[in-house]
Structures are given as C-alpha cells and as structure tokens.
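Participant: Here are the chains, one letter per residue:
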Amino acid sequence: MTQRETSPEKSSPGVDAPRSYSPMWQLVRARLTEFWREPEAVFWVCGFPIVMVLALGIAFRNQPVESVAVDIVENGTASAWANEQLTKNERFDAEVQSTEASATRLRTGKTDLVVTVTGIEGKREFQFAFDPTRPESVLARNAVNDQLQRAAGRQDVAQSKDVELTEPGGRYIDFLVPGLLGMGLMGGGLWGVGFVTVDMRIRKLLKRFLATPMKKSQFLAGIMISRLIFMIPEVLILLIFSRYVFDVRIHGSLLDLVLLIILGAGTFSGLGLLVASRANTLEAVNGLMNLVMLPMWMLSGIFFSSERFPDAVQPFIKALPLTALIDMLRSIMLEGTSLMQHLPQIGILIAWGLTTFFLALRWFRWS
Amino acid sequence: MTAILCRNLVKRYDSKPPVDAVRGLDLHVERGQCFGLLGPNGAGKTTTIEILEGLLPATSGEVQILGLRWGEHDDQIKQQIGISLQETKLSEKLTVLETATLFRSLYRQGITPEQAIAHVSLQEKANSRVGKLSGGQKQRLAVACAIVGDPQLLFLDEPTTGLDPASRRQLWDIIRGFRQQGRTVLLTTHYMDEAEKLCDQVAIVDHGKVIALGTPQQLIASLGAEMMIEIDFAPPHTPHSTVVDQLRATPGVSEVKLVGQQLGLSVSNLHLVLPTALAQLERANCPLTGLRTHQASLEDVFVKLAGRHLSEESSEDV
Numbered sequence: 010m011t012q013r014e015t016s017p018e019k020s021s022p023g024v025d026a027p028r029s030y031s032p033m034w035q036l037v038r039a040r041l042t043e044f045w046r047e048p049e050a051v052f053w054v055c056g057f058p059i060v061m062v063l064a065l066g067i068a069f070r071n072q073p074v075e076s077v078a079v080d081i082v083e084n085g086t087a088s089a090w091a092n093e094q095l096t097k098n099e100r101f102d103a104e105v106q107s108t109e110a111s112a113t114r115l116r117t118g119k120t121d122l123v124v125t126v127t128g129i130e131g132k133r134e135f136q137f138a139f140d141p142t143r144p145e146s147v148l149a150r151n152a153v154n155d156q157l158q159r160a161a162g163r164q165d166v167a168q169s170k171d172v173e174l175t176e177p178g179g180r181y182i183d184f185l186v187p188g189l190l191g192m193g194l195m196g197g198g199l200w201g202v203g204f205v206t207v208d209m210r211i212r213k214l215l216k217r218f219l220a221t222p223m224k225k226s227q228f229l230a231g232i233m234i235s236r237l238i239f240m241i242p243e244v245l246i247l248l249i250f251s252r253y254v255f256d257v258r259i260h261g262s263l264l265d266l267v268l269l270i271i272l273g274a275g276t277f278s279g280l281g282l283l284v285a286s287r288a289n290t291l292e293a294v295n296g297l298m299n300l301v302m303l304p305m306w307m308l309s310g311i312f313f314s315s316e317r318f319p320d321a322v323q324p325f326i327k328a329l330p331l332t333a334l335i336d337m338l339r340s341i342m343l344e345g346t347s348l349m350q351h352l353p354q355i356g357i358l359i360a361w362g363l364t365t366f367f368l369a370l371r372w373f374r375w376s
Numbered sequence: 007m008t009a010i011l012c013r014n015l016v017k018r019y020d021s022k023p024p025v026d027a028v029r030g031l032d033l034h035v036e037r038g039q040c041f042g043l044l045g046p047n048g049a050g051k052t053t054t055i056e057i058l059e060g061l062l063p064a065t066s067g068e069v070q071i072l073g074l075r076w077g078e079h080d081d082q083i084k085q086q087i088g089i090s091l092q093e094t095k096l097s098e099k100l101t102v103l104e105t106a107t108l109f110r111s112l113y114r115q116g117i118t119p120e121q122a123i124a125h126v127s128l129q130e131k132a133n134s135r136v137g138k139l140s141g142g143q144k145q146r147l148a149v150a151c152a153i154v155g156d157p158q159l160l161f162l163d164e165p166t167t168g169l170d171p172a173s174r175r176q177l178w179d180i181i182r183g184f185r186q187q188g189r190t191v192l193l194t195t196h197y198m199d200e201a202e203k204l205c206d207q208v209a210i211v212d213h214g215k216v217i218a219l220g221t222p223q224q225l226i227a228s229l230g231a232e233m234m235i236e237i238d239f240a241p242p243h244t245p246h247s248t249v250v251d252q253l254r255a256t257p258g259v260s261e262v263k264l265v266g267q268q269l270g271l272s273v274s275n276l277h278l279v280l281p282t283a284l285a286q287l288e289r290a291n292c293p294l295t296g297l298r299t300h301q302a303s304l305e306d307v308f309v310k311l312a313g314r315h316l317s318e319e320s321s322e323d324v
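Residue numbers (the numbering used here), protein chains in the order written: chain A, 10 to 376; chain B, 7 to 324.
There could be a bad hint or two in this list.
Stated by the list, open to error - Below, simulated DSBU-like cross-link-like pairs (lysine-lysine); rule was C-alpha separation at most 35 Å, straight line:
1) 22(B) with 225(A)
2) 213(A) with 131(B)
3) 225(A) with 215(B)
4) 203(B) with 138(B)
5) 224(A) with 99(B)
6) 131(B) with 225(A)
7) 215(B) with 224(A)
8) 225(A) with 99(B)
9) 225(A) with 138(B)
10) 95(B) with 224(A)
Read the hints as simulated data drawn from the structure, not as lab findings.
Isolated chain A (complex conformation):
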C-alpha cells in the first residue's frame, strides 16, 4: 500500500488537509460497500454454499443399512419358505411375485435380484437372476444366497465378526465439501473480478478512472483485494456450516488450508481479470466465463473423483487449476497432508495465476 506523499507547505487554505486517502483502499472500500448493498450478491456468496452443502449432504447421506430388494418367484410352499427366511432379516426387502412381474421389476430396476426356489425341505435349489454389471445386484445375490443357504442348514466352518466403521472423513459429504470450496473459489474469482470489471467498462467508469492520476496497478490490485475479502465469509460459512451440521472436520493444518485458499482465490481472480480484459458486453463476458468454467465443473472432480475419466485425458485434467486446487484441498482436509507435499500442484496454480494476470495486464482495455 502506498501512502500519498504529503507536502504541508504546498497546501493552501481551502485545500484539503492531508487526510489519509489511499486510492487502493478507497477502491477496496467502495467495492465492499457496493457489495453489501446488493442483497442478491450477498445471497450468492453466503447463502448459496449453504444451500448446496445442505441439499447434497442430505441427498447423498450414508444410509446405515442398505436394504436389499429381492423378488421371489411365486412357487407354492418353496417361495413361502424363502419369503419367511428372508423377512427374518430386516436387511432384506423381499416380495413374492409372478415370473413375468418379477422379470419386469428386475429390468426396470425396482428389484435388485430375482430368486426362484424349487425342491422340498432338505433338497432346495436356488436360481438367481440378476444383471452382473449392477453392483447392488451382485451384493444382493451373495447376501440372499448366504441367508438362504444358512436357513437350508449350511454350517459356517469359521467364526466371522463384523466391526462397523463409518467415521467422519470417509463419507461422501467429506469428499464433497472440499469440492464445493474449490468451486466457490473459482466462481467467485471469475464472477467477482470478471463481471465487475466488465460492468465498470460498460458504464465507462474505467475510462473515467483512467482520466484521473490513479495508477492502473492500484486499480487492479484493489479489485483483487476486494475479491479476497469477499472470499472470507464465503469460505468461513461453508466450513463452519459443514462442521456443525455434517461434522466435516479438517484433518490438516488450518494455516496450510488458509494459505491454499488465498492462493486459489488469487489464481482465479487472475483468470477472471483475463476473461474480462477485453470484453465490452455482459453477454460476451458471460460466454467467456462459461467457456472457462464448464470444462472444470465437469472434469476437475467437484462432485466425483476426476480419476474416473480415461487415463489419456488425465494429464490435461491434472493441468487444470481447479483440479490442482481441489486435489490439494481434499488431501489437506481429509488426509491431513501439508501444503509442502503438493509442490507440483502449487506450481500449477501459481503458473496459471501469474500467466493470466500478466496477460490481462497487457491486453486490458480501459474503454
């Protein structure tokens, strides 16, 4: 921050006494004031992450006992016996159906498995019909087989005992929160910097500022600093909310997380500045932003791991700034790694941030 030079001997009566006017802080202050007076913007920054976490956290909550839907083909006493054995265990959701009905229900996914029981007590035979590409059907086949085999008199040769582990850290919500955090930093950086800059260009405010002694670097720094400040409530709300509602914990160092968030926000505001450097309509900047954000929304592993994409495209996906950011956020939050263990990804973020910032500075159009 550069304070203006004050030369008291120059100031004459009626001339403003040297108050502390720092152009950059005045710009930041103006941006913050404008922001808080825009209720919609406040909602998008503060309310949206909560709604997102809440909706997805509920939709993908881990059910303690996953029930197995199984249809038993109607076959007199044999099907009645199987139904009786399966309903003993509340894990099974068994129904006796006709051959045609159960086939339709299997095809349409209403049931995981169709079992046909034949023979009499002591000489039972089971036939399982299912789609082997559906994991839940494979599970159902094994579970139903086990249950019926035991009921038919099978003795297990070894004792087995289950220890259940559903600790915070391994749930979908734990996977999701770092992804949403990264998505928020990307969206905020691009919208917060890009949209605002283009809006000021359209209103000729950039041109008006250019006619003052303001330094261009002060202006761009002011815009980026305001973005970093908006990010604070956004990030805090998301982390605190998911901590107290879904018990999402941060396993790594808080300092590392903060540094990473600042780095990420900086990178995406650089990208935002580049997107906004020449556009002079809101439609143009809108299109450009979607062009930049869409691939990352899909590929960078916000909602599911980016590892699911084919190996051939992995180098491209890994080079995206959002992938690098989300990978590091997840690793620090879930695995408790330190920032220094991720030097290549840090390099990717810094490279994106610096390149876009300097290109933006070069191409920036003031009017």
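Let chain A serve as the given structure and place chain B on it in line with the hints.
Facilitator: Quick look at chain B alone, frame taken from chain A:
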C-alpha cells in the same frame, strides 16, 4: 498564459472504411477562459476533447495541456485537470459523499469531498445513494468528482445534454463560479444558447474542423445583421430566384438563403426591411404560411457557415 494548445490535430479511426473524425483542428485556450466547442452531433467534438484529456491518442498533430505534453508528463497533467465524460454511470449503490471521497483519493491534492459537494449544492444529498439522484443531480455529482482534485483546467463533455432547463441553469452557475476563480473550462455542447451564455470564446466545429472562432458577440456580428427573418411557404408558391435576388438587393438585407420551403433573411433595421420584403413577396404571388423573426444567434452563424441546422446530425457518424 496558455491552458490548451492544439495544432493541426488529426484523428483517423482505422475502421473500414477509415473515418476521419478530426481533420486538422487548431485550438488556443487562454487560462481563465471558458472555451466552448460548439457543433452538431458527430462533428468531432468528443473525439477532440478525449484527445485533449489524454484518453485517446491523436493520429497526428501537437497537443499541449498547461504547457505539458501527453506521453511525457501524464501524471502531472492528470493531477491538474478534472473531467466529466459524456456518459459515465457512477456506482448506484454508493452515496454521493462516498463517490466524491473515492475520486478525491485518486488525486495527490484537492479540496475535501464535502467542499466539492457543497460547490455543486448537493449537501442535502450527501448521504443519498447515487441511484436515487435525478439526472441533473447526477450530472452535478459528475462535476463534483471533476473538481475534487482542485484542477486548474476542467473538461466537460456535453455537461447539460438531456437536462431540464432548471438543472441546466444550475450547472451553468457552477461552471461560472469555477471560472471566476481564474481557472479554465473547456466544454463541448450542441446547444447554441449554452455557448452564448457561458463561453468567453467559442469554436464552431463541423466535420472535424474549426469553421469559426471568436467571442459569441464577434461571431454573431460576423453575420452583419442583428435580426433574422424566417418565412415559410407552401408549395408550389416558393419564391423564384429572381424574387430572391430582388430581396437580396433590398437595403438592410445582408443575406438571403432559401432552404427547402423556408426563406431566411439576415437583416439590420427590421422595421424598414420587413414591410418591403412582404410587399415584394405579395407582388410575386407567394402567399406566406409562416413568419418568424428573432435576434441573430450562434445557431444562425452555424447555419450560414454549414448550410444546415445544429440539431441536424453530421453526415459522418463519429
């Protein structure tokens, strides 16, 4: 001392086809003057003022602002000038005082934001949001932002366009007050009354060139007549060229122009010329459908020089 010096200024926009917005324009503005660039829309006024403000590069020509050159002393010039663009939309969510404070912070020295607001009589609105201001109040705030850096030279591009008469007069008072402190104002306008009432010197601009320069009084005097007569006819009763020549030869008539169905006469001694002219027209069997007389104005100077009215667009859009 010279506030603005501009010699043979040329601005060509490299569009297809290239557009010459300014074609060899010369200006000389003394300190302490209120100087007006008067011309129709598209005459090159805004291009000229934006080059002088350092917002546009000139294609060629020399520009000196307060004895300094753009590209060499940009910061020094910017610290000493204040500008108001034709259409700047200041942030609607900020208050008047916040806006003035923001602009104050961009200058090394200046008056307080409160003083700037008081200069444009917006004290009562200091804490109102910009979005709630009327058009005239917004324009006054734009001027407050232009003067908050305590400039020696003020550039105002069409400061009163689109404002109601009361707001226009209010702005004129503000501009006069600024000039009375010995500072310089350069403004563009396409209102002849604004140029006449406000400016010490007026340059009439058309097609990117100064076509007349002087005080408003000098320019009007150059017409050689103090009254204008406008007579309308209904076709086919438009006077013949022989009738026009006859009128031109009448003592006291300095200029006769027939534009469409309208005959314009520049006269002195209206009380003597008018009855004679009407008698001649009656003899030529040209019934009148309208008759107006008015004091000669800068508008008439423009019509005489450019052959059309100020309100008509220039043929080239710039």
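Participant: Now tell me if each hint is right for this structure.
Facilitator: The hints, checked one at a time:
For the proposed pair residue 22(B) and residue 225(A), the alpha carbon gap of about 31 Å is at most 35 Å, so the pair holds. Between residue 213(A) and residue 131(B), the direct Cα distance comes to roughly 23 Å. Compliance with the 35 Å bound is thereby established for this hinted pair. Among the hinted pairs, residue 225(A) with residue 215(B) is consistent with the structure: their alpha-carbon atoms are about 33 Å apart, no more than 35 Å. Among the hinted pairs, residue 203(B) with residue 138(B) is consistent with the structure: their alpha-carbon atoms are about 30 Å apart, no more than 35 Å.
As the CA atoms of residue 224(A) and residue 99(B) are separated by approximately 24 Å, the hinted pair is consistent with the 35 Å bound. For a cut-off of 35 Å, the pair hint linking residue 131(B) to residue 225(A) stands: about 31 Å separates their Cα positions. With a CA separation close to 34 Å, the supplied pair residue 215(B) and residue 224(A) stays within the 35 Å bound. With a C-alpha separation of about 23 Å, the suggested pair residue 225(A) and residue 99(B) falls inside the 35 Å cut-off, and the hint holds.
This hinted pair checks out: residue 225(A) and residue 138(B) have alpha carbons roughly 30 Å apart, not beyond 35 Å. Taking the CA atoms of residue 95(B) and residue 224(A), the gap is about 21 Å. The hint holds against a cut of 35 Å.
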